[in-house]
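Residue numbers (the numbering used here), protein chains in the order written: chain A, 1 to 225; chain B, 1001 to 1225; chain C, 2001 to 2254; chain D, 3001 to 3254.
No lab work stands behind these hints: they were computed from the structure. Backbone N, C-alpha and C fix where the C-beta goes; we use that ideal spot for every residue, glycine too. All clues stand as given, with none of them false.
In silico EDC-like cross-links for lysine to aspartate or glutamate, where the CA-CA straight-line distance does not exceed 20 angstroms: (1) 2226/C to 3204/D; (2) 2134/C to 3135/D; (3) 3134/D to 2135/C; (4) 2161/C to 2193/C.
Listed next, the stretches of chain C that the computed footprint assigns to chain A, with coverage defined by at least 3 CB atoms under 8 angstroms from CB atoms of chain A: (5) 2026-2039; (6) 2076-2085; (7) 2107-2120; (8) 2219-2233.
Calculated from the model, a selection of chain C residues having no Cβ within reach of chain D, i.e. all distances over 12 angstroms: (9) 2088; (10) 2093; (11) 2195; (12) 2199.
Here's the letter readout for the chains.
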Amino acid sequence: MTTKLSRAELAQRIAAAIPEGAFVNLGIGAPTMVANYLPADLEIILHTENGMLGMGPAPLAGEVDPDLINAGKQAVTALDGAAYFHQADSFGMMRGGHLDVCVLGAFQVAENGDLANWSTGAPGAVPAVGGAMDLAIGAKEVYVMTDLLTKQNESKLVAACSYPLTGIGCVSRVYTDHAVFDVTPEGFAVRELYGDNTVELLATLTGLRLIDATTASAFDETKGH
Amino acid sequence: MTTKLSRAELAQRIAAAIPEGAFVNLGIGAPTMVANYLPADLEIILHTENGMLGMGPAPLAGEVDPDLINAGKQAVTALDGAAYFHQADSFGMMRGGHLDVCVLGAFQVAENGDLANWSTGAPGAVPAVGGAMDLAIGAKEVYVMTDLLTKQNESKLVAACSYPLTGIGCVSRVYTDHAVFDVTPEGFAVRELYGDNTVELLATLTGLRLIDATTASAFDETKGH
Amino acid sequence: MINKVVSSVEEAVAGVVDGATVMVGGFGRAGQPLELIDALIAQGATDLTIISNNAGNGDVGLAALLAARRVRKIVCSFPRQPDSWVFDGLYREGAIELELVPQGNLAERIRAAGTGIGAFFSPTGVGTQLAEGKETREIDGRVYSLEYPIRADFALISAWKADRWGNLVYRKTARNFGPIMAAAATTTVVQVDEIVSLGSIDPENVATPSIFVQRVAVVGEREWLKDDVFVGGVDLEGRPLEASAGTDSAGGSR
Amino acid sequence: MINKVVSSVEEAVAGVVDGATVMVGGFGRAGQPLELIDALIAQGATDLTIISNNAGNGDVGLAALLAARRVRKIVCSFPRQPDSWVFDGLYREGAIELELVPQGNLAERIRAAGTGIGAFFSPTGVGTQLAEGKETREIDGRVYSLEYPIRADFALISAWKADRWGNLVYRKTARNFGPIMAAAATTTVVQVDEIVSLGSIDPENVATPSIFVQRVAVVGEREWLKDDVFVGGVDLEGRPLEASAGTDSAGGSR
Chain A
1 MTTKLSRAEL AQRIAAAIPE GAFVNLGIGA PTMVANYLPA DLEIILHTEN GMLGMGPAPL
61 AGEVDPDLIN AGKQAVTALD GAAYFHQADS FGMMRGGHLD VCVLGAFQVA ENGDLANWST
121 GAPGAVPAVG GAMDLAIGAK EVYVMTDLLT KQNESKLVAA CSYPLTGIGC VSRVYTDHAV
181 FDVTPEGFAV RELYGDNTVE LLATLTGLRL IDATTASAFD ETKGH
Chain B
1001 MTTKLSRAEL AQRIAAAIPE GAFVNLGIGA PTMVANYLPA DLEIILHTEN GMLGMGPAPL
1061 AGEVDPDLIN AGKQAVTALD GAAYFHQADS FGMMRGGHLD VCVLGAFQVA ENGDLANWST
1121 GAPGAVPAVG GAMDLAIGAK EVYVMTDLLT KQNESKLVAA CSYPLTGIGC VSRVYTDHAV
1181 FDVTPEGFAV RELYGDNTVE LLATLTGLRL IDATTASAFD ETKGH
Chain C
2001 MINKVVSSVE EAVAGVVDGA TVMVGGFGRA GQPLELIDAL IAQGATDLTI ISNNAGNGDV
2061 GLAALLAARR VRKIVCSFPR QPDSWVFDGL YREGAIELEL VPQGNLAERI RAAGTGIGAF
2121 FSPTGVGTQL AEGKETREID GRVYSLEYPI RADFALISAW KADRWGNLVY RKTARNFGPI
2181 MAAAATTTVV QVDEIVSLGS IDPENVATPS IFVQRVAVVG EREWLKDDVF VGGVDLEGRP
2241 LEASAGTDSA GGSR
Chain D
3001 MINKVVSSVE EAVAGVVDGA TVMVGGFGRA GQPLELIDAL IAQGATDLTI ISNNAGNGDV
3061 GLAALLAARR VRKIVCSFPR QPDSWVFDGL YREGAIELEL VPQGNLAERI RAAGTGIGAF
3121 FSPTGVGTQL AEGKETREID GRVYSLEYPI RADFALISAW KADRWGNLVY RKTARNFGPI
3181 MAAAATTTVV QVDEIVSLGS IDPENVATPS IFVQRVAVVG EREWLKDDVF VGGVDLEGRP
3241 LEASAGTDSA GGSR
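With the sequences and hints as input, model every part of the structure.
Structure below.
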C-alpha cells in the first residue's frame, strides 16, 4: 500500500496550481472543495454554470438566499466584482473557450484525454448530464480530480474508456491521490509523485505505459509561481 | 394624372394601420416619418436596430445625446419602458420574428413579395446593406412605403425585380401614393384606392394584372380598429 | 394603454391545451415558477411536453406536475437529483419519456428558437451517446454536431419585477433560463413579486425586454425579501428557518 | 490583485501586429473608441483587417485609420454614409477590400466566435447577392444559408465605466457591438470614461463580464456628461454647440 493524499490535500494541491486572475469552474462534488484552499491573497474568479462569475463562499446560516446558488444547488455568496447572466451567455463563456481552468470528477480518463464522468451506463439508472459535456470541451485546461483507483482497486486511468464518454481528448491533467498525470500525445506523463509512489509502481497499478516527467514538471512548477 | 397622396399623408395612413401594443421598426428614410403620426393616445413600441426598444421622438436642441441614436444615426430619446441591448440581441429580436411590423422603403417590389431596396447594382457605386435584409425576413408584417412610380414613371411594382434582391417573398403590403396593395399568392391585390385612382388605371400604370380587393379590405379595416 | 398584467395566475395559464409544449424556467428551485405551475395543475392540461433544466425537486412545482401525470415527455439536462424521487419513479415505471440534452446545448437550442437560427454546429457532446445519430462536421479542425432549435407554445418563468409593458428584471442566479425561454415561446407567462411603474426599471438594466413577454401575474414578495431588501431567515427551499430546524440550511446538491 | 487598467491608450494598443484582424466597436459615432483608434494610428500597425459596422465617419476615428492607409480589408454592413468620404475614395480607387455582411449576420457571426459555435444557419440574405456561393439548407420549410464565425486578434471598444477586473457598463445605444466583440477577440481593449471601485457595479447590471476583457484605459468623461449626469450642450458628433452653430444639431443620417 502506497502513501495517498487525502481528498482535502488533493484539493489543496490543485488550488495551488491555479494562478491569480484565472477564471475557474469547479465541477459539482469533490472539485468544489478546491475553493476552500484558494489562497486568500490571490484573486481567482469562480464561474458557476447556472449564471455567475465571482462566486463567493457559502453564506452564514440565516443568510441563505434561495436565489443565489451554485451548479451543485448549494447556497453561495457573490464577491465584489461579480456578474450575473443567463444560461446561454453562461454556456457561451464555456464553449467559447474563455474559462482558464475547470476541475471535474471522473469515472475514467483515457490515455488520449477522453473523459467519462456522467454515466456508468448501468441499465435502469436515471441518467443526468448537466453541464459536464460543455465544461469538458470548453475550458482551456481541463483538470480531473479523482482517486487513482476505484473501491475495487481498478485504475480510473485507462487505455480506453469503457464507460459512456463525456468528451473526446479533452482532459489536460489528472490530479489523483497518488500522483499528478499530464495527458500527452504519447500517453500519460507522471508530473508529480506523492509520498512513496514511483513511476514503476503507478505503471503496475494502472497497467499503462507511463512517461516519467517528474523532473521537467518540478521545473515548470517553479516557473509558474 | 391621378390624385396622389403626399409623403406625409402616406405616413399618416400607415400610422393608422398600426394597432396599440405593436412592436414596430421603421426603416431609415421616408418610413421614419410614420413615427410622427402614431396616435398620441396609443402605446406603440418602436424598435431601433442599433439596440433599443421604446424609442421616443427627437430631443430638443441642447439635449442631443450622442450615445442615444436611431438606425438612421439621428438623435432620439427613450420613453418610459425603454430597454437597451446589444446588436446580437437586437437582431435576434428581428430574426426571431418578434417584431409585429416593419416599414421599409423600396426600389422594387415583385408580385411574389420579393423586395429590392438596398442596391441599384450600378457599377462603381459604394454598396451598403445595414439591417435591411434582416428586417425584410424578420418582421411578421413587412410593409413597404414608396411612390408607385419612379421619376421616370416606371412602376416600382413589378412582375420580377431587376435590381439586386433584399429578401425573397417577404413583403406583405405596399403603401404607395396611389393605392395600397396586398401581396397575395395570386399577385398584387388592390386593398385601398386614393382619390380618383381605379384598379384599371393602376393596372395600366404598373403593367400588372391586379386583383380588386377594395371591398374586402374596407371590411377588414373596420374590423381591425 | 398596454397592460400585460393579468389578474390571477389562473388567467395567466389560460389556453394551455392538452399536448402543448411548455418551457419551465428555473435551475433546481431557483427561478422555478411555483405558483404558475400550481395554476397549470389546477387548469388541467395534460399530455404535456416540458422543457426545463431539471425534472422537479421534492414534491412541489414541476415535481407536482409530474406527480399529477400531466407530462408525457421531458427535455432536460439534469433530471437525477437527490430530491427528484417523483421523476425517478415515473422514469423507472416507463411512464415518462426523457430527452437528455447537455445543458449548454439546451440553452443554445432555446436561444436559437428565440433568435430565428435554423440550426447550429456545437462542439458539445460530439463523440458521446448524446450526439449519436446527429449530423457532424469538421470546421477549422474541430468536429461539431448539428443542433436544432427548441421552441414552445408556452414559457412559464419567474422574475423579480415587471412593468406593465412586460420588461423584466430577475434576482441573482434565479435569472438562469428566463431570458432565453421568454424569447422561445409563443406565449410567455411570467410570475413576479411586484409590478413597478413604467419607467422605474432603468433601460440599461432590463434583462428581458417587453417584446418577449405576453402575460404577467403578481404572486407577492418572496419569504426572504422585505420591501426589496434581502432579509434571509430561510433555508434553501425558501422555508422559514424555524420550520426547517434540524436540516442543513446551507446544504443541498444537484 | 487583478488589475486590467493600463496607464495609457498607447499601452492599451500595444502588440497589434501588421496584418492583424481588429474589431472596432460602435454604430456610426456612438460607441466608437476614438482615443484607442488614435493610439492605434500612432502605434503604426498596418495591413489590418477591420471588422466594424460602418467604415468611418468624417475624418476622425476609424476614418482617420483608413485615411492613414493602414487597412487592407474591412468587413462591415454599412460603409456608405453621407460622411464616409474617406472610405468612398479608397474604395473607388481600389485601395481597400470590402466584405459586405448584413448587419444581423455580422452581429451573430461575431457572437458565434465568442460562444464557440462552429457555424449557424441564418435566414438573412438567402437568395440575394450577399449569400451567393454560400451553402443553403431548407429546415422546417424555410431556407437558410450557412454562416461562419468572425473572430479577431484584438477588439477595440468603448464603454462607460469599468472596474479593475474589467466588468463593463455602457451608455444607451453606444452599447451596440461592445459586448459581442469583447467575447470574440483574443485581446479585448476597452476605453472608458471612468474606473469605479470593485463592487460598485451592481452584478445584475454588468453588460460585459470581466472574463471578456483584457485591458482597460481611461480616457475621461465625455463632453455631454458631468459627474455621470447627462448635461447635453453638444451636437451629434459630441462637439459643444457653440462650436457647431449653424449645423442641424439633431440631424445626421446613416
